[in-house]
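Student: What follows is each chain in one-letter form.
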Amino acid sequence: MEQWGDQPKDDIRELLNVLSRKLGAGDGARFIPAIAGVVLLVFTLFSSIYTVEPSEEAVILRFGKFVGTQPPGLHFKLPFGVDRAVKVKTKVILQQEFGFRTQGRATGGRSDYTTQGLTAESLTLTGDLNVANVEWIVQYQIADAKKYLFNTREVTTNLRDISQSVLRRVVGDRVVTDVLTVGRAEIAEEAHRLTQEVLDRYDIGIRIVTVKLQDVNPPEKVRPAFNDVNAAKQEQEQAINHAEREYNRVIPEARGKAEKSISDAQGYATAVVNRSEGDASAFRAVLEAYRISPSVTRTRLYLETMEELYGRFKELTIVDTGVKGLLPIFQNPSQPAAPAAPEAAR
Amino acid sequence: MTRRSAIFAALLAAAAFLVMASAYTVGEWEQAVITQFGRPVAQVNKAGLHFKLPFVQRVRRLDKRMLNWDGDPNQIPTKDKKYIQVDTTARWRISDPLLFIQTVQTEDGARLRLDGILDSVTRDTISNNNLVEAVRNSNAILTKMKDRLKAQEKGELEPGREEEEVVGEIDPIFVGREALSGIIIERARAGLKEFGIEIVDVQLRRIAYEESVEAKVYERMISERQRIAQKIRSVGKGEQAKIEGKIAKDLQQIESEAYRSVQRIKGAADAKAIRTYAAAMGADPEFYTFVRTLEAYRKSLGADTRLILSTDSKFLELLRKR
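Chains V and C, in that order, give the protein sequences.
Going by this note's numbering, the first sequence wraps up at 346, each residue one higher than the last.
Going by this note's numbering, the second sequence wraps up at 1322, each residue one higher than the last.
Looking at chain V on its own, in the form it has when it is part of the complex (with noise of 0.2 Å):
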């Protein structure tokens, strides 16, 4: 054991005597406070030496009092602990989530979310006491740093708690079906304003970016009425389109059809017309030319007539008045009846 111990000391001793061989002194009572002086000097200078980062920003508190604030770059201030510089990081967005958590991000690049044993947080009231679920996030900066430090200890506490209730508050004054559909916009535009007010009137440095709603549904025990009541309008649509396309389909071709007989009417008229005039024309002339010798024309009207007629006809029997007794030749008329009879005729 004593070997193990006299081998380390040894060593200290011979590194000793290096030391100060190299720095050409021959005691080492005057080399001691020559190192207390150099790492005094290293000390302060570290401790008074500071950066600040481009996203930050440094308040100084000297003894606890604030002095002033620095921007982003390298500092000094008085070491010892009597000058101290909290570094605040007021270029950054931040963000709060509620309703829903992010779970950091997948191989894709896209976020996991889970609303686990958040709904409470997301369940709203609305206006006319339903229920809605409604996520959201807020993106804020801090503003003033100092406000920030001094003027209030649990900032993000703070913002969450009001921006809960004025959501709550705003939402309050919606009708569930506004919640859902187009009232999105417009809750999110008033909870960034009255949210701002509230933290302006804290006073604690803090200023909103954004108010995003995420998602705003119906809880999930009421969300197929909702659905269905999303069909019933499709279903409305449909009805309505269904008749409109029936309307079309037939009131068009009514009208057509409804011209097209006036047409036709028309072209009856213009006919008749025509046709009247034409035969009152031809009657006119053709009593005329038959006044000059009436009996004459007449005569030849009739005979004419006749013979056309009677040459055309397919049976024609001639009885002479004196005859009796004729009326079974009527009795079959398929049967060839007294076949001198046309003969007569010609």
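It should be emphasised that the hints constitute simulated quantities derived from the structure, not laboratory data.
If you're wondering where the values come from, they're calculated on a predicted model, not measured in any experiment.
Just so it is clear, CB atoms sit at the ideal spot from N, CA and C, and this is done for glycine as well.
Where hints are given, some of them may not hold.
Examples of chain V residues toward chain C, derived with CB under 10 Å [claimed, not checked]:
hint : residue
1    : R201
2    : L213
3    : K221
4    : E237
5    : A239
6    : H242
7    : V286
8    : L309
Partial selection, computed: residues in chain V whose CB lies under 7 Å from chain C [what the hints assert, rightly or not]:
hint : residue
9    : L40
10   : E154
11   : A243
12   : A258
13   : V272
14   : A280
Mind docking chain C on chain V? Use the hints.
Tutor: Using the frame of chain V, we list chain C on its own:
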């Protein structure tokens, strides 16, 4: 080392110790009360380096910043007997450190008082009002509904778009959410002043239905939606029927109007023809009858005709004479 330098070193150390014991700093976020043997003698509000009597005086630091109070969610029945959970938060600060140290001593002590007072004040305020007063802040919904109703009466809304409007009756409010917070603050402020505590703000963070009530609320929501869906569907069917009716009406109108025109045109033409014929034939009706009769014979008697002709006929006159 000499004896003198040893004494000097000891004195120096003693002096340093004395300074350490009497100097103290107060941060920008702090306020301090100096007590002498437990008796408060001074109150320090300014940040920076301060001195006190060593050993006999003690510094008790308190936060100067705005602090948070988070209440347990309370189950409170409202005036209209609805069971809800109310979750309140408050912001407060130590406004009178001396009084604070005397009465509640620590922040934990303060929180106990806050719990007691804020819980009871919240409970009183909520249960003295209807549920809507805690949910809504204004009567904006009612105004909006009225506007829409007016627009609907004027017929400015598209047909079939009015379906989702009035859903159950919406009661007007008389107090409102913010005013309720105001009442709570007012009452709590009075009670907490004697503890050196100032209430900055009370916010109703969350108002939710009690779990047992929730199921019923959901049932109501479902039936409400079903009613709305029904209405939308029936409005759709109604619109459809209206259009179908319009089809029938327009069809009848178009067809009857066409018929009327057709008849009028045809009748006028016929009348004109009749007049024309009459004017022409009137010149010699007897001749017209003769000519027209012959023409009619020619046209109506076809080739199939069987004719029995008596020799009395004028046509056979010559035949008979023979």
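Student: Of the numbered hints stated earlier in the document, which are not met by this structure?
Tutor: Checked against the structure, the hints that fail are numbers 2, 9, while the rest are satisfied.
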